[in-house]
Structure formats: C-alpha cells, structure tokens
Amino acid sequence: MCSDFHRAESGTELLARLEGRSSLKEIEPHLFADEESPVHGDVLEFHGPEGTGKTEMLYHLTARCILPKSEGGLEVEVVFIDTDYHFDMLRLVTVLEHRLPQSSEEMVKHCLGRLFLVYCSSSTQLLLTLCSLETMLCRHPSVCLLILDSLSAFYWIDRVNGGESVNLQESTLRKCSQLLEKLVNEYRLVLFATTQSIMQKASNPEEGPSCARNRLSDVDVDYRPYLCKAWQRVVKHRILFSKQNNSKAGNQFSLFSRHLKSNNVKKHFFTIGESGVEFC
Amino acid sequence: MGVLRAGLCPGLTQDMVQLLQSRGIKTVVDLVCADLEEVAQKCGLSYKAGALQRIQVVRAFDIFQMLDVLQDLRGAVSQQVSSSSGTLKVVVVDSVAAVVAPLLGGQQREGLALMMQLARELKTLARDLSVAVLVTNHMTRDRDSGQLKPALGRSWSFVPSTRLLLDSTQSSGSLGSRRVVCLTKSPRLPTGCQETVDLGSLGTPEQSPVFQGDHT
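Residue numbers (UniProt numbering), protein chains in the order written: chain U, 1 to 280; chain E, 1 to 216.
Please note that a few of the clues may not be correct.
A few chain E residues that face chain U, going by a derived Cβ cut-off under 8 Å, partial list only [to be verified]:
| id | residue |
| --- | --- |
| 1 | Asp62 |
| 2 | Leu112 |
| 3 | Met116 |
| 4 | Gln117 |
| 5 | Ser155 |
| 6 | Ser157 |
Everything labelled a hint here was simulated from the structure, so no lab data went into it.
Backbone N, C-alpha and C fix where the C-beta goes; we use that ideal spot for every residue, glycine too.
Take these sequences, add in the hints, and give me the full structure.
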C-alpha cells in the first residue's frame, strides 16, 4: 500500500520529502553535544515521574523550532500529538512572548501557524492519526519535529483490553512504534516522545560491571522499561528527568541524557522560569 | 408534619416564614412543590434560590455509576437540556479516591485500567465541554519513606494538571478553620507558593474551599 502511495506522489512532493527538511542539529546546544545532536531519523525518549519538567522541555523545544530565524529560532514546523489532554496553549504563548522582543499578537500568531496540534484519546486513535500523518507530512515539507506527549498514556487500558495475551496487549503500541520509526526515517524527522514513570521503583538494583560503571545515580536505576520491545528498539537517545528535592536548590531539575549506541551519559541541570526552561 | 418554622434550616428566619405563609406556603411539602423561581421572585429570596438551583448534585458510589453519570452529563449538555441554571462551567468530584481506591491494590490491572478510563473521561469532558473539573483526593503515607503523598499512586499523579495541597496549620491545637493551601503542581506557575485561608469566613465566590484538590 505504501509503495503505491509513493508512486502517486508528484515530483515536487518527492523532492520535498527527501530534501526539504532542515537540520535540527542546533535545536538545543546545551542538551546535545555536537556528535550527539539529533539528526534526521532520531528517536528520543523523555522519561520521568510527574512534575519533572518533561512537558516544559517540549514547550522549550517547540518554541525553539517555531520562532523565526531572526529571533533565534529554527523556523520549522512542528507536529505535537497530545494523548494526555495536557497541552497548555497559554503556557506556550507565554514562553513565546518572553522570547520575542516585541511580542505582538501578530508575531505570536505567525509562530503558532507553524505548530500542528493533534489530540488522541486512545491507542487506536493514535495509530490512525499516525497513519494519516503521511499525507500531512507530504504537504508540509517544513515539518521537522514530531512530538508525542505521552506514549504511555494508554498503557493500563491497553493491557486490560488485550486480555491475557501480552502480544495482544502490546499490539497497538507495537504498530505505533513501527509506524513512528517508518515516518521518522522516510520523512527525515526527529521524534521526541515522553513516557511516564508509572512503575514502582526497582527494588533490586541491577548488578554487573557494565551497569555499575554507567550508574551515575539512582535515577538510572529508576528506569524500568515497561513499554513493548518494538519501542525499546526504536529509541536512540534516552533522557531521564528528575527533580531535586533539597530546598536549597529551589526549583531545580536535572536530567540524565544517555545516547544508547555510544552509551555516553551526561548530566544537566535546569530551572523553569516564566520564559521556560533555562539551563544552568 | 413538616410545617415551616424559623430555624428549620439556616436562612429560614421568622420573617421569611411569614412571607411564605402569606403566599400560601405553609409546609415543607408546599415549598418543594412550588415553583422556586416564582416563589423567589415574589418573596425576594432571589439570589439564594437562584444560586442553589445552579448546583446539581448527583450521587455515585462506585466507578461504574460514576462513568454513567459522566456519560449522562455529556448527553444532557450535547442535547442542550438547559435547566434554568444556564451553561455548565464546573464539575466537582468529591472524592475520586472514594470510587477508585477500592479498585487498586493487589496485582489486578483492571483497577488501574478503570482508573485511567475515568481519568480519560474527566479530561475529555473538561476539554470538549470547556468546563473546569475539580476532584478531591486524600493523602497516604509512603511505604518506604514514611512521608505523606497523594493517594491513588503514580499513574494518577500524571492526570491532574494542577494540584493544591490542603493542610491544617501547625498552630491549630484543635482543628480550627484555618488551612494552608500549597500549589504542588501547575502547568503555568512555579510550585511551592502557599496561602493561608480561613474556611470559616469564606464567603466570596473567588475563594471557594478546595479540600486537597486535584484540578484537571
């Protein structure tokens, strides 16, 4: 079916698909060192408990993308899929207004014109949305970033709907993961997806020399993979979020960024202000 | 039986009783059967009756009843069945822990799935009907650290977009009416800001009491 579809696209569309996508290498220099900058086809996972700044980070990256080049943005389009009904437009507008020197309503509207927002209330709806995304991506060659907040929203509902068979439980999410991988590779996008830490902390930390070497803190151990293997395979870069608990640090957040292939682990600190995420 | 007399309920003063009697309303049954709007207009009870009519109380004691109620609500609003109260603005669930807590615990996934289904219903309700959804939840003690944390676990903690923690002030030996309200989760404001409110003197609409509320 897919090859038929591609044969039907026009030459312009083909060119748009293959060449029109801008680079996202500069999307966040604080977060990604040069060799690890997200390139086309990368899938990055934001993982963490509630209140650790994952959605704020997504607003930060979205703002960076949709702002015009003259204001320090990348002037590319973003597709934001919200499965939690969590997206706060007022918050995004506040972040944009703080980053635009003369924040006129015109300018903000212009920026928001580069954002495509979709809501999904079930994993089947997510799958159908992803299927229909191909047409949309062909028509909008300047879409470079795909955001999914969050991938784990339907986890429990899917598990019960699948009955006793783990295969059936995971099937929709598996298809979504495969489709996401395909979209990201064919249309040369970057995907940021959030997953929530809904499992209890691992009571027995993993043993073994490799784990001990890479364990920078308990946050690393806290990560318990629970989503389907298809998703685990697709992720290239995993970022674990946590919030500092000591009152001295105030509202400080930290994240561990691990590039899964090179196994490079880095720690970053940031605060969240009126204008969004600020790295320390 | 049920003759209206002063002191039967707050607000029913002797004057009001006499006013109602002059209109032919002598017993509780008369009052309930009367057209409240008409009575209010004639007896100058306007704002109280009007205000009370704008609150619809529905009872639900388990999660399936709860889901039914939400479905009915959607149906009613979509058919634009308007009571004289006007459009729906706020849905309050007191308390969500009461219907969900019995489902949790043990290894059953079904309980968690039902909880997330309720969460989804509430969130889509808020979004589709443009209403504010306010739920109440209680606190439990963490098994490992012994600290207080909101009930219903990790999965529920992602559901509300705003969270207010209500606590009694330290100075109160007896419970008193003062509470400390702390913002513990917000999509727009920094967390940690606190306010002290006095439940006893709350009367203005902007300061409605919120008991350990989770605001969806």
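Against which earlier hints does the structure fall short, listed by number upward? 1
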